[in-house]
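The opening position of the sequence shown corresponds to residue 416 in the numbering used here, with each subsequent residue numbered one higher.
Warning: the hint list may mix true and false statements.
Stated by the list, open to error - Here are the simulated BS3-like cross-link-like pairs (lysine-lysine), alpha carbons at most 30 Å apart as the crow flies: (1) K595 - K515; (2) K478 - K515; (3) K505 - K478; (4) K534 - K548; (5) K534 - K505; (6) K478 - K455; (7) K548 - K455.
Keep in mind the hints are simulated off the structure, nothing from the lab.
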Amino acid sequence: MEINNARQFHIHPSLVREDAVCIPIGELYRQMTSVLRLGKGDAVRFFDGVGNVYEGVIAHSNKDGILIPIQTRATQPRGGDITLAMAILKNDRMRWVLEKATELGVSTIIPIITERVIKRPETYPPRWNAILKEAAEQSGRAWLPELRDVATYHHALTAAENSVVYSTHASAVDSAPTQKPVTLFVGPEGGFTQDEVDFAVSQNAQIVSLGAYQFRADTAALVALARIQ
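Work the whole structure out from these sequences, hints included.
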C-alpha cells in the first residue's frame, strides 16, 4: 500500500518516540488490527491534532502492540482562524455540523444556547470529541478544532471580538466577512430572535445574510463556512 493512500489515525503525542510511533493495546490497537485488519507491511498515517503528521509502514504487530518506524514527518499549517458559535441542534444535524466544520478547517467550535434552542445541555456529550477525530481522520486534516464548553448566546457574543451573526432580518447585509480572526454565529431552526439581533448590534457585530434563500440551520452553517474560506 502506498503511503499516499494510507488510512489516517489520530494519536496522542505521547505515542510518538524519536523515530517511531508505538501503539499499545487499547481501542486504537483493536481498530487497526481487528476491525481494519492492518498488519506488517501496511502503510499508515498518524496525526496528533496539533498539526503534526507521521507516516510509515507497520514493522511489528503482536499481542504487545504495534510498532511503526517513522518514514516521513510533516507539520500542516493551521489555516484560517475561524470560530463557529453554533446553536445546539438535534443529534444527527449537530453531528453533521461538527463533521463539516472539522473538514473545512474551523479552529474553534462553541456550542451555544439561544432563545429558540430546544435541547439545552449544560455540557456537550463526550461523543462530540470522537466525531471531530473521525472527521479529521477521514478528511486528512492534522488539526482538531478546539471544542469549548457550552455557552449562552449572550456570553459567547460578549466574549468575541470580531463577530458575524447570520440572520434573515431586514438589517442583514449580503456580504462575506474577510477579516480574521472571526467568530461566526449561526442560529437554530427559526434563526435568531429580534432581541438577539438587537443585542448583536449593540455588541458591534456584523449582521449578515446568506442571500435570498432560507437554509436549514445545519446547511446555513456549511454555507457560512464555505463563503469565508
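These are the hints, each one checked on the structure:
For the hint pairing K595 with K515, the CA-to-CA distance comes to about 20 Å; that is within 30 Å, so the pair holds. Between K478 and K515 the alpha-carbon distance is near 36 Å, which puts this suggested pair outside the 30 Å criterion. The hinted pair formed by K505 and K478 fails the criterion: a straight-line CA distance of about 41 Å is larger than 30 Å. With a CA separation close to 24 Å, the supplied pair K534 and K548 stays within the 30 Å bound.
Note on K534 and K505: the hinted pairing holds, with a Cα-Cα distance of about 7 Å set against a maximum of 30 Å. The suggested pairing of K478 with K455 holds, with an alpha-carbon distance near 13 Å, which does not exceed 30 Å. A hinted pair counts as satisfied when its Cα atoms are at most 30 Å apart, and K548 with K455 qualifies at roughly 25 Å.
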